Amino acid sequence: MNHLGPLISALLDGELSPAEVAEADAHLLTCDRCRAELDDTKNIRDLVRELPSLEWQPVLATRRDRRPALALAAVAAIALVGVAAWPPTRSTAPPVNRLVAARTIAAFTPSPVVTVPAAAVSAPFHAPSSMPGGYQRMGQYRQGSDMGVLYSDGNHAMVVLEQPAHLDKAAMPAGGKLVSLGGAWVGVAYGWSGGRAVTWQRGGTVFTVAGDGPEADVMAAAGAMPAPKSMSMGQRVRRACRGMVEAFSGLW
Amino acid sequence: MGSETEEQPVPSWEEVARTHGRFLYTVAYRLTGNSADAEDLVQEVLLRVRRGLATYRPGSMEGWLSRITTNVFLDDMRRQRRRPAVVMADPPDALLPAAPSADEALASTTLPDRVQAALARLPEDFRAAVVLCDVVGESYEQIAESLGIPIGTVRSRIHRARALLRDALSKDDGDGADGA
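Chains as they are written, first to last, in our numbering: chain A, 1 to 252; chain U, 1 to 180.
With the rest of the complex left out, here is chain A (with noise of 0.2 Å):
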């Protein structure tokens, strides 16, 4: 005698032909075999139907948070660090807007930030050495296992920070509306004190871009970001461990 098989997960699902329940039901009443599968396959399915919605937030204005993100104490660091510490490399001063710098550094107390030469912020981190608009790199620091780079135009200053996290939602400023990059990504702009930013998440790593120019550029600089390779689960583990090992040697 042929047993139910697939048909039971049919005939739980209703995709059966009344003539097909009905042989189905005949079988089951001589065979305990197939009771006892229609039974498990039940279980089972119920218990993937029960399984819980998940929060996702597409758009990041739910809380007003006097900090705003992290991400932003970095830009008042690398700003500062802009200012002070990079020499250009042509004859004159990228007029780094200063106002960025003081009135940021105001509002937080950076964290230590190292600088480093730009071959340690190669792979795997992204930002590219000249960014639309006119906007040249100007030096580049790592914080543990995030990675800054500073960008200007001789008016304007902006910052690319990559962080190999995920992204903190609740942690993110209000008031931020969803914005497409360049057709590339999907990221959440928002407003901060020096000017605006704009946020994403893709492959394992948070990218924000922040600048005091115009909005447009900060957009399109965000656009012009390459692609994260989509990381394999080795690659992932092997950052995490990186990542993890960098965080701890960074504190001193």
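These aren't lab readings, by the way, just hints derived from the structure by calculation.
This structure is a prediction, so every number in the text was calculated from the model and none was measured.
For each residue, glycine too, the CB sits at the ideal point set by N, CA and C.
Be aware that one or more of the hints could be misleading.
As the list claims (entries may be wrong) - Computed footprint of chain U on chain A, listed as stretches where at least three residues anywhere in the stretch have a Cβ under 8 Å from a Cβ of chain U: (1) 4–13; (2) 41–48; (3) 201–208.
Unchecked claim - A few chain A residues that don't get close to chain U, going by computed Cβ distances all over 10 Å: (4) 18; (5) 28; (6) 29; (7) 35; (8) 52.
Dock chain U against chain A, hints included.
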């Protein structure tokens, strides 16, 4: 049948994200099994939605979204198989830098969590079928259309998936720990 000239306005993709983001993320999480990949999948789907809204015919938005989500997911998995990176056994989510939220961490021993872990061990094609059936709530006919497979294949994949889930969960019960 008749001429339904009443044109429903096509929603903007921001509206889609706001209204269906939670649904999208839930489906993405059930498929991928971790929050970082689920966020990426939602990103990719929203971008496709943005490009494809012009072709959306008013109807079941969630059906349309889950079709895109499953297909993006399956495409990604196939692409990753073609370019295998470093092969490692799937490590537990807890090791990932994309730290699970406090809720996820607290829930790590609950039954839904074990069901999710068992789902993550299913072959992707089976997982997609069972997620469309039991998480999204689609009919076999809709699943066949979404995945581009015959209805008989839908039937056998769903049943096989449930049998594998049952085995995985009863094994959990049996040895009380990860058998791997």
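Taking the hints in turn, this is what the structure says about them:
1. 4–13: Per the Cβ count (7), the hint holds.
2. 41–48: Per the Cβ count (6), the hint holds.
3. 201–208: Result for this restraint: holds, n = 4.
4. 18: Since the minimum Cβ distance to chain U is about 16 Å, residue 18/A lies beyond 10 Å and the statement holds.
5. 28: holds, 15 Å
6. 29: holds, 21 Å
7. 35: holds, 15 Å
8. 52: violated, 6 Å
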